[in-house]
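Chemist: For the protein sequence lines, the chains are A and B, in the order given.
Residue numbers 1 to 390, in full-length UniProt numbering, belong to the letters of the first sequence in order.
Residue numbers 1 to 388, in full-length UniProt numbering, belong to the letters of the second sequence in order.
Hints should not be assumed to be uniformly reliable.
Covered stretches of chain A (in silico footprint by chain B; criterion: 3 or more residues with CB under 8 Å from a CB of chain B, positions within the stretch not fixed) [claimed, not checked]:
| id | stretch |
| --- | --- |
| 1 | 116-123 |
| 2 | 367-378 |
Calculated cross-link-like contacts (lysine to any residue; reagent style SDA-like; alpha-carbon spacing at most 25 Å) [stated by the list, open to error]:
| id | chain 1 | residue 1 | chain 2 | residue 2 |
| --- | --- | --- | --- | --- |
| 3 | A | K358 | B | K123 |
| 4 | A | K193 | B | R317 |
| 5 | B | K123 | A | G196 |
| 6 | B | K385 | A | L314 |
| 7 | A | K304 | A | L314 |
No wet-lab data here; the hints were simulated from the structure.
This structure is a prediction, so every number in the text was calculated from the model and none was measured.
Ideal Cβ positions, reconstructed from N, Cα and C, are used throughout, including at glycine.
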Amino acid sequence: CNKMIITIYTSHIYKSIKTCHMHFKILARTPLILPSLLLQTSLSVFRLQDFSVKRRFSDFLGLHSKLASKYLHIGCIVPPAPRRALWVRVKVGKEDQSSNEFVEKRRCALERYLMRTVKHPVLLKDPDLLQFLESPELARAVSTQALSGAGLMRMMNKAADAVNKMTIRMNESDTWFEEKQQHFENLDLQLRKLHGSIESLVCHRKELSLNTCQFARSAAMLGNSEDHTALSRALSQLAEVEEKMEALHNEQANQDFSLLSELVGDYVRLLSAIKAVFEHRVKTWQKWQDTQILLQKKREAEAKLQITNKPDKLQQAKDEIKELELKVSQGERDFEQISKTIRKEVTRFEKERVKDFKETIVKYLETLLHSQQQMIKYWEAFLPEAKAIS
Amino acid sequence: MAKIHFLYNKMSGTSPRAVNVDLQTDATLQVDISDALSERDKVKFTVHTKSSLPNFKQNEFSVVRQHEEFIWLHDSFVENEEYAGYIIPPAPPRPDFDASREKLQKLGEGEGSMTKEEFTKMKQELEAEYLAIFKKTVAMHEVFLCRVAAHPVLRKDLNFHVFLEYGQDLSVRGKNKKEKLEDFFKNVVKSADGVLVAGVKDVDDFFEHEKTFLLEYHTRVKDASAKSDRMIRSHKSTPDPEGLKSLFFLKVSELFEKTRKIEARVAADEDLKLADLLKYYLRESQAAKDLLYRRSRALVDYENANKALDKARAKNRDVLQAETSQQICCNKFDKISESAKQELIDFKTRRVSAFRKNLVELAELELKHAKGNLQLLQSCLGVLKGNT
């Protein structure tokens, strides 16, 4: 196990009036053994390490792209990177509410992404990841633009894969995989539904906050026009309480979002990574099967050639068969390897998922708790004012 | 859709007597609504009277009345010149179940498309909502009668006694088109008049002050009432996260279910203590404004009568007629002023005490619910943190 802790800070760099780049400063602390690329040594050294590097958003996407291409097809669940929003208006130079919120949301998402990635025991050893964390200069990640040529190619490949998947039917000899796939499909549905509910919860709470604000103002005015002094004061106090409630509701809505909604969103995306991994297993099986079929054909061809008198063609056929036999056993080994990896990965994923949800839900409940405590404080302060009306 | 019969019996539930008005219960005349029945498009209230007054044939009796009959009674007060100097207790609003009924109907239509438990759950919620509206409308009709019964002059009104005692249907049909049109014009004239009359400088500072206060207050109450309504509606509609049930934490989904119920209760209590209070005083402040309007009208009439008298004296024609007319106007104005002053003072007292009561209760209920929520959260957290 490793306890690397990632913290991400944001900073802006102004290149010109028009272009403002957002940089993320990654602070990675680890108290444990870590092979370091910089030291060019395979011996691990115990040391307390603080890496601090600056990265752009596209760098994160590039990292994910590299890791996915290396590890997905062997069965590792590579955590997906935060999505690049297609329409983003980050106002240059202006400090305004919505762009601040956007930056904060992105920062949190990147932090969660990187934390999940470094928690993965296989990925942590990857040289690309280490370079990402340590090296001050990083080659600019290309083809991570959402609508770039490469991006479009990726989308088309995904579509082609989807079509292929529909035509592959695998003889599943291992019920574990079938069960797990079903389990993840159900989980996916449930999480999506949950995500929808949470979003609507956030919406409603924001609306409640708004309405409470308007009521508070109205109550204040009512208090102003009331000519009975004690009642007037009580109404003003009521207005103040409602104002505080408005702030509470707003804050709670933010927590709803940042804790719950984002967590569930992350897991919906993680589940699609799992889906991809299962699909790769099927592809691996298919490749193995195809090689076996090819071997069979070659053997039949060779048998035919035995009858005819063509010694060099026969030798060629025998060589091809030998090659294919090797390929077939490789294919079988690959398939067994990916199955084994997936089992390990899924077990690890489930453990992590439970822990993750539990931690977040506990944190979330604590925010609710705090809210209620504040509410009690406010109403307790108001009660004597109401009683003082005579 | 089946007919909805809601039988409301005072004995069985908590007293619905509206908390908006703090009334002294007087042994000589006690009125309440002991029972109510909601049918397809009307509500039948059982008005129960207990009285030691000699005017009535028995000491205790009940009649069945519908909403239109309450309106008739209210209008008869308003139209009675004798009561020009009093704040007429505002008429209860028409029972409005349309929204709720529509929802129940939609639910019935959509029965096939949802699971049995979803259906029963929604049905229970909608029925509870319907029942709450029903209870409220009963309370509002009751408070109207109680206000009349508590008023030293109005309680003696003959129409009121007929309303309470006459066993048969009062055959009060709703206003027909012509009458509604007349009403409409009367209101237009009244508001036009109101503008004219508002300009007349008042002799008595007390009334001037009251007038300004009430005008402003009325608009503010209207505003506050509308806003509190919206706030409460959004409080009511906060949904609870579905789908958590499938995950590890059954406890958490239970928790959310319970807190949602508490939130619903908070919304209902806020509705009762705050929104209803504001709505009621909206209507009463309108009634108070009407009183002031009548007084101003009487003042204008008095001043016009004075002018007419001066003219008559100058021309020395119809002097006696002018004198009597002026005397009548003077008397009317004095009578209204005298009783109006007391009425407005009473109004203030009533208002202050009602607000006090409701605000205190509102605060206490909010505290109760927040503490309930807190306890639920603490116990759930305890369980979650306990088993690692």
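Chemist: Now tell me if each hint is right for this structure.
Modeler: Results of checking the hints against the structure:
1. For the stretch 116-123 of chain A, the stated coverage by chain B is violated: 0 residues have a C-beta nearer than 8 Å to a C-beta of that chain, whereas at least 3 were required.
2. Counting residues of the stretch 367-378 of chain A whose beta-carbon sits less than 8 Å from any beta-carbon of chain B gives 6, enough to reach three: the coverage restraint holds.
3. Proposed proximity of K358(A) and K123(B) is contradicted: the alpha carbons are some 34 Å apart, above 25 Å.
4. Between K193(A) and R317(B) the alpha-carbon distance is near 89 Å, which puts this suggested pair outside the 25 Å criterion.
5. For a cut-off of 25 Å, the pair hint linking K123(B) to G196(A) stands: about 24 Å separates their Cα positions.
6. Straight-line distance between C-alpha atoms of K385(B) and L314(A) comes to about 72 Å, which puts the hinted pair past the 25 Å bound.
7. Under the criterion of a C-alpha separation no larger than 25 Å, the hint pairing K304(A) with L314(A) is consistent with the structure, at around 9 Å.
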